[in-house]
Amino acid sequence: MASLVPQFMVDIWDSFPPLLQFLITSTSQILIVTVGIILIVAFSTYFERKVIGAMQGRVGPNRVGPMGLLQPFADVIKLLIKEVVIPEKSNRFLFVIAPLLSLIPALATWAVIPLTDTFVIADINAGLLYVLALTSVGVYGVILAGWATNSKYAFLGAMRSAAQIVAYEIAMGFALVGVLMAAGSLNLGDITRAQAGGVSSWFVWPLLPLFVVYFISAVAETNRAPFDVAEGESEIVAGFHVEYSGVAFALFFLAEYANMVLISALTAIFFLGGWASPFEGWTFLGDDNLLRQPSLIWLFAKVCFFMFTLFWLRATFPRYRYDQIMRLGWKVFIPVTIIWIAVEGVMAWLRIGPWQGLAG
Amino acid sequence: MLTNYVPVLIFLGIAAAIGILLLGIGFLVGSGSKDDEKLSPYECGFEPFEDSRMKFDVRYYLVAILFIIFDLEIAFLFPWAVSLDTVGGFGLVAMAIFLAVLVVGFIYEWKKGALEWD
Amino acid sequence: MFHAILFYTFAAVLIGAALGVIFSKNPVHAVMLLVLAFFQSAVLWLLAEAEFLAIVLVLVYVGAVMVLFLFVVMMLDINVERVEGGFTKYAPFGLFIAALMVIELVQIIWFRSSGGARSGGFAANPEGYSNTEALGAVLYTEHVYAFEIAAVILLLAIVAAITLTMRKRPGLKQQNISRQVAVKRDDRVRLVEMDAETEQ
Chain G
1 MASLVPQFMV DIWDSFPPLL QFLITSTSQI LIVTVGIILI VAFSTYFERK
51 VIGAMQGRVG PNRVGPMGLL QPFADVIKLL IKEVVIPEKS NRFLFVIAPL
101 LSLIPALATW AVIPLTDTFV IADINAGLLY VLALTSVGVY GVILAGWATN
151 SKYAFLGAMR SAAQIVAYEI AMGFALVGVL MAAGSLNLGD ITRAQAGGVS
201 SWFVWPLLPL FVVYFISAVA ETNRAPFDVA EGESEIVAGF HVEYSGVAFA
251 LFFLAEYANM VLISALTAIF FLGGWASPFE GWTFLGDDNL LRQPSLIWLF
301 AKVCFFMFTL FWLRATFPRY RYDQIMRLGW KVFIPVTIIW IAVEGVMAWL
351 RIGPWQGLAG
Chain Z
361 MLTNYVPVLI FLGIAAAIGI LLLGIGFLVG SGSKDDEKLS PYECGFEPFE
411 DSRMKFDVRY YLVAILFIIF DLEIAFLFPW AVSLDTVGGF GLVAMAIFLA
461 VLVVGFIYEW KKGALEWD
Chain V
479 MFHAILFYTF AAVLIGAALG VIFSKNPVHA VMLLVLAFFQ SAVLWLLAEA
529 EFLAIVLVLV YVGAVMVLFL FVVMMLDINV ERVEGGFTKY APFGLFIAAL
579 MVIELVQIIW FRSSGGARSG GFAANPEGYS NTEALGAVLY TEHVYAFEIA
629 AVILLLAIVA AITLTMRKRP GLKQQNISRQ VAVKRDDRVR LVEMDAETEQ
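Chains as they are written, first to last, in this note's numbering: chain G, 1 to 360; chain Z, 361 to 478; chain V, 479 to 678.
FYI, nobody ran anything at the bench for these hints, they're computed from the structure.
This one's a predicted model, so the numbers in the text were calculated from it and none came from an experiment.
Mixed in with the good hints, there may be bad ones.
[Said to hold, decoys possible] Here are some, though not all, of the chain G residues that point toward chain Z, as calculated from beta-carbon distances under 7 Å:
| no. | residue |
| --- | --- |
| 1 | L19 |
| 2 | L20 |
| 3 | I24 |
| 4 | T27 |
| 5 | I32 |
| 6 | V35 |
| 7 | I77 |
| 8 | I124 |
[What the hints assert, rightly or not] Per the computed footprint, the stretches of chain G lying under chain V, defined by three or more beta-carbons under 8 Å from a beta-carbon of chain V, are:
| no. | segment |
| --- | --- |
| 9 | 37-43 |
| 10 | 139-151 |
Positions of the beta carbon are idealized from the N, C-alpha and C atoms, including for glycine.
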């Protein structure tokens with residue numbers, strides 16, 4: 001390492017006060033992670049169009065670059081040079097602020113996501129609470145966009161989406177309480193470590209109902225198909241972003257996809273052991289076998305799997321009707337989660353499952 | 361502990377900066393030809409009948425209020441779930457009573473039809 | 479030093495946002511400024527090492543209470559002239575409340591600084607100390623009565639909200655899914671035996 005960097009640069013670095021060093025390192029870490037997320041988002045649009053194309057017997061994008069791989073960049077450039085129309089009756093300030101308000105929580109939640117065993121930008125104790133708080137803030141972008149536009153379609157879309165997000169957030173919160181009970185910590189790194197020991201000790205098994213509830217609620221939270229009544233192009237044209245164009249629309253799009261990647265990562269961390277290898281418990285592979293080592297690649301593979309599932313859902317299911325969505329959120333998911341929390345309480349009492357090691 | 365939160369603040373700032381930067385590029389680079397029709401609210405080609413910010417069904421308020429109550433419940437559950445092994449059986453019973461009271465409320469909502477969406 | 483800079487910056491923004499809530503004409507702007515104020519106070523709580531309270535403030539107030547405010551403000555189109563007309567009418571009462579608050583605040587600060595109750599800042603927490611766990615350890619054991627009373631208050635809130643806002647609209651047609659699923663052939667089809675009609 002030292003040979004790669006000239007000595008005078010090391011000296012300059014050492015002369016900085018520790019606070020400045022800390023600020024510089026974390027800022028650069030944040031920039032790397034953010035650029036990584038934006039790249040993943042760009043390619044997940046390509047991935048989505050290819051996957052859905054294949055499921056519908058089409059080719060998908062194949063013109064720009066080899067196999068259409070440069071398609072995302074073409075889309076970005078197109079969106080950047082389009083006009084941003086601000087309707088005359090809208091509230092201009094809130095109209096411009098709204099996409100920012102959806103983007104900021106979608107990106108900033110990544111601060112507490114442990115990407116590898118050792119790397120996390122902000123190793124805070126209350127990581128899970130932070131995730132839940134920022135998720136609940138994401139609803140502002142949608143509501144404000146719908147209101148600021150001053151168009152009936154946008155307003156209807158925003159109200160639908162707000163009530164839906166709110167209903168599923170409760171189910172999500174309860175499901176996370178279940179995860180907490182099993183892990184005993186709010187720190188996402190500790191939650192992952194609590195699932196050490198390979199595929200059989202992941203939380204997906206003892207918390208299977210919560211896993212299902214969490215993932216489906218997460219789909220509803222991001223307004224993805226089959227819960228995309230907020231956009232409902234057949235009824236309310238495009239919902240809350242009907243009047244958004246160009247880069248303002250791109251920000252909403254970026255926020256939606258960043259949220260999808262985020263919920264995939266969170267589901268992987270809470271229920272599938274995050275960066276841990278599924279073969280961790282296979283001792284016959286030998287101690288330093290690469291397959292058993294935790295790494296970013298495992299997390300990435302799990303994220304890809306959930307992203308694929310999201311696209312798969314979109315290609316498979318027709319859109320839910322609004323009253324059905326509300327019924328599922330309030331009358332199915334909340335009772336299921338409450339019952340499972342009670343079951344977990346009994347399991348913890350009797351010291352079975354993940355609670356075996358607890359001191360009496 | 362506090363130093364752990366500084367990157368979070370920086371991240372919030374950087375996320376905002378990225379959004380503002382992109383919007384700025386969009387406004388600078390984006391082509392523009394202002395036109396009265398283009399700037400009018402979209403309503404399938406009709407003139408809009410009235411201001412679109414209309415009164416809404418009171419049901420939305422009810423959903424929002426119930427959401428606040430359940431959110432508080434979750435806020436109460438979090439410290440309990442974390443300290444499950446320190447509060448022991450006593451805490452377990454305390455939480456069981458707490459949840460039972462709220463399940464009564466939930467059943468009340470259900471029976472009154474407050475969860476019905478029609 | 480760094481700590482102090484952070485404190486004064488966020489406190490200044492907090493006061494600015496709070497003033498904006500009062501003075502902005504647009505109620506939606508006022509709600510958004512209130513959201514900003516909550517964020518700033520959350521940061522101030524973080525500076526006082528109360529991470530659980532800080533994040534729960536964002537979760538409950540910004541994520542839930544303010545959403546309700548936004549709903550109400552957006553959907554009840556508030557008549558600005560009428561609201562301004564009420565200003566002079568309610569001003570004496572408002573001033574009275576303000577004076578009361580100022581007296582209370584001064585009193586607290588006065589007693590804290592003169593009596594022995596003054597604390598010399600917070601003791602640094604040991605490594606690995608979790609705010610949430612510490613709270614949980616006492617909330618469900620020592621303060622269990624307060625905790626159960628909270629449950630009853632929440633139950634009361636549920637009942638009150640439903641009594642105040644539930645309206646049954648007459649003439650609604652609803653889909654009853656369990657009845658739909660439980661339908662048998664006999665509920666829908668009736669076989670009628672009758673003699674074949676013959677021409678006379």
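Hint check:
Among the interface hints, the one on L19(G) is violated; its C-beta lies about 9 Å from the nearest C-beta in chain Z, farther than the 7 Å criterion. For L20(G), the interface hint is violated, the least distance from its beta-carbon to any beta-carbon of chain Z being 12 Å, above 7 Å. The restraint placing I24(G) at the interface with chain Z is violated, with a minimum CB-CB distance near 10 Å, outside the 7 Å limit. With 7 Å as the threshold, the beta carbon of T27(G) comes within range of chain Z, its nearest partner Cβ sitting at about 6 Å, so the hint holds.
Checking I32(G) against chain Z: minimum C-beta separation of about 11 Å lies over 7 Å; hint violated. The interface hint given for V35(G) is broken, as the beta carbon of that residue sits about 9 Å from the closest beta carbon of chain Z, more than 7 Å. Among the interface hints, the one on I77(G) is violated; its C-beta lies about 9 Å from the nearest C-beta in chain Z, farther than the 7 Å criterion. Interface hint status for I124(G): upheld, as the beta-carbon distance to the closest one in chain Z is roughly 5 Å, under 7 Å.
With a cut-off of 8 Å between beta carbons, the segment 37-43 of chain G has 0 residues touching chain V; three or more are needed, and the interface restraint is violated. Judged by the Cβ-Cβ criterion of 8 Å, the segment 139-151 of chain G is covered by chain V as claimed, because 5 of its residues qualify and three suffice.
Going through the hint list in order, the structure does not satisfy hints 1, 2, 3, 5, 6, 7 and 9.
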